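K.L.:
Top line first, the protein sequences correspond to chains Y and V. Numbering-wise, the numbering used here puts 88 at position 88 of the first sequence, and it's gapless, one number per residue. Add 145 to the 1-based position in the second sequence for the numbering used here, that's all there is to it.
Simulated from the structure, these hints should not be mistaken for laboratory data. Hints should not be assumed to be uniformly reliable.
[What the hints assert, rightly or not] Computed, partial: chain Y to chain V, Cβ under 7 Å:
#	residue
1	Ala18
2	Leu21
3	Lys59
4	Thr65
5	Leu102
[To be verified] List time: in silico SDA-like cross-link candidates among lysine to any residue, alpha-carbon distance up to 20 Å:
#	chain 1	residue 1	chain 2	residue 2
6	Y	Lys114	V	Lys287
7	V	Lys259	V	Thr270
8	V	Lys279	Y	Leu5
9	V	Lys204	Y	Arg20
10	V	Lys218	V	Leu175
11	Y	Lys142	V	Ser268
12	Y	Lys6	V	Thr181
13	Y	Lys142	Y	Arg60
14	Y	Lys6	V	Lys218
15	Y	Lys144	Y	Glu64
16	Y	Lys73	Y	Gln92
17	Y	Lys142	V	Arg165
18	V	Lys279	Y	Asp56
19	Y	Lys6	V	Pro271
20	Y	Lys49	Y	Lys85
21	V	Lys287	Y	Cys121
22	V	Lys289	V	Thr273
[To be verified] Facing chain V, from chain Y, some residues (calculated, C-beta under 7 Å):
#	residue
23	Ser19
24	Leu29
25	Leu62
26	Asn66
27	Cys110
28	Asp138
Predicted model only: the values in this text are computed from it and were never measured. All C-beta atoms in this analysis are idealised placements derived from N, C-alpha and C, irrespective of residue type, glycine included.
These are the residues of each chain, in order.
Number of protein chains: 2
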Amino acid sequence: MQDNLKLDNQLCFRLYTASRLLTQAYHPLLSGHGLTYPQYLVLMVLWEKDAMPVNDIAKRLLLETNTVTPLLKRMESDGLVTRSKGRDDARQMIVRLTPKGLGLQEKLSCVPEKLGSAVICDSVTPDTIPTLFKMLDDIILKLKR
Amino acid sequence: MQDNLKLDNQLCFRLYTASRLLTQAYHPLLSGHGLTYPQYLVLMVLWEKDAMPVNDIAKRLLLETNTVTPLLKRMESDGLVTRSKGRDDARQMIVRLTPKGLGLQEKLSCVPEKLGSAVICDSVTPDTIPTLFKMLDDIILKLKR
DNA sequence: AAGTTTTATATCGTTTACGATGCAAATATA
DNA sequence: TATATTTGCATCGTAAACGATATAAAACTT
């Protein structure tokens, strides 16, 4: 068989696996707070800028609104955010942090550090991570039309 | 706020996004053959070595059997594989390619090349891809206990 | 102003993922 | 050989993802 159809030669499989495993590594740090990883991502977006319409959150995470809407509804019923109709544009749903959602920022402040140290190894060090970031950023830029 | 809680500083978010976008890029190349990306991964595993028990396929893909089992059942009902009880070990389900599943190998032989060219850019070139592979492999190795 | 198009969000259906749990066959141990 | 443990797979419940489609509000066009 051709080498290019071998699993070990696939970039996508590596990304897919690394992504899943790293997300799994977040699990014990988030589940205690009742959070999933995508919900944690939404919180990070809102911690940077509160009161965002659904569309802006989706764009920031490069997700479709039909993924984000149910995610936000779950977060609303968990008391992490509120969703209310936009004043100027009645089509928009403005998402805002609740005190509970805001309060998690402090409680989760140690998470990135813990995860960071979980991936440090031979080829991935503070020196080489910028290279990795650049490559992933370029791939992402190339793939989002 | 601390920089380490910013989305743009997260490795996991990059991997998660790059993985999703690259998987999406596979979609138009696979959907015509009735395949999803995880199903394509299973085919790659079986093209390398046919007649594998569920467990070996799951291990190769670093997935849990409770993910792979329903995936294989769908592939069975799509006529891509057969599943039959192991002769020596009655607990095992041996998965085998059908002629249809085997035949897809040729039809999909151009997929890796197309996807490869889809990610080539400034920082990701035939020269630098080995570096990227090494970093992702090390991360994966570190994270799978 | 009436009609058309676009935009923002939601709904629906299908397929992953995965933690938790169940069950039967194989293996190890008493 | 009887019992306990492990192993391989399956089932269940929940939460993403995402293509396709629907709906209402806004913006644009005539």
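K.L.:
Each hint should be assessed against the structure and marked as holding or not.
P.N.:
Here's how the hints hold up against the structure:
1. Ala18: With a closest approach of 5 Å, the alanine 18 (chain Y) hint holds.
2. Leu21: Because about 4 Å separates leucine 21 (chain Y) from the closest Cβ in chain V, which is inside the 7 Å limit, the hint holds.
3. Lys59: Lysine 59 (chain Y) check fails; min Cβ-Cβ to chain V is 12 Å, beyond 7 Å.
4. Thr65: It is violated, given that the least Cβ distance between threonine 65 (chain Y) and chain V is near 15 Å, above 7 Å.
5. Leu102: Given a least distance of 11 Å, the restraint on leucine 102 (chain Y) is violated.
6. Y:Lys114 - V:Lys287: With Cα atoms ~14 Å apart, lysine 114 (chain Y) and lysine 287 (chain V) stay inside 20 Å; holds.
7. V:Lys259 - V:Thr270: holds (14 Å)
8. V:Lys279 - Y:Leu5: Holds, because 19 Å separates the two Cα atoms, which is no more than 20 Å.
9. V:Lys204 - Y:Arg20: holds (14 Å)
10. V:Lys218 - V:Leu175: Holds, at about 18 Å.
11. Y:Lys142 - V:Ser268: holds (11 Å)
12. Y:Lys6 - V:Thr181: This hinted pair holds, its Cα atoms lying about 17 Å apart.
13. Y:Lys142 - Y:Arg60: Holds, at about 16 Å.
14. Y:Lys6 - V:Lys218: It is violated: about 23 Å lies between the C-alpha atoms, which goes past 20 Å.
15. Y:Lys144 - Y:Glu64: holds (12 Å)
16. Y:Lys73 - Y:Gln92: Holds - the C-alpha atoms of glutamine 92 (chain Y) and lysine 73 (chain Y) are around 14 Å apart, at most 20 Å.
17. Y:Lys142 - V:Arg165: Cα-Cα ~13 Å, so holds.
18. V:Lys279 - Y:Asp56: Violated. Lysine 279 (chain V) to aspartate 56 (chain Y) sits at ~35 Å, over the 20 Å cutoff.
19. Y:Lys6 - V:Pro271: holds (17 Å)
20. Y:Lys49 - Y:Lys85: At roughly 18 Å apart (the allowed maximum being 20 Å), lysine 85 (chain Y) and lysine 49 (chain Y) satisfy the hint.
21. V:Lys287 - Y:Cys121: holds (7 Å)
22. V:Lys289 - V:Thr273: violated (25 Å)
23. Ser19: Constraint on serine 19 (chain Y) satisfied, holds at 4 Å.
24. Leu29: Violated: closest Cβ of chain V sits about 11 Å from leucine 29 (chain Y), beyond 7 Å.
25. Leu62: holds (5 Å)
26. Asn66: violated (14 Å)
27. Cys110: violated (9 Å)
28. Asp138: Holds - the Cβ of aspartate 138 (chain Y) comes within 7 Å of chain V, reaching about 5 Å at its closest.
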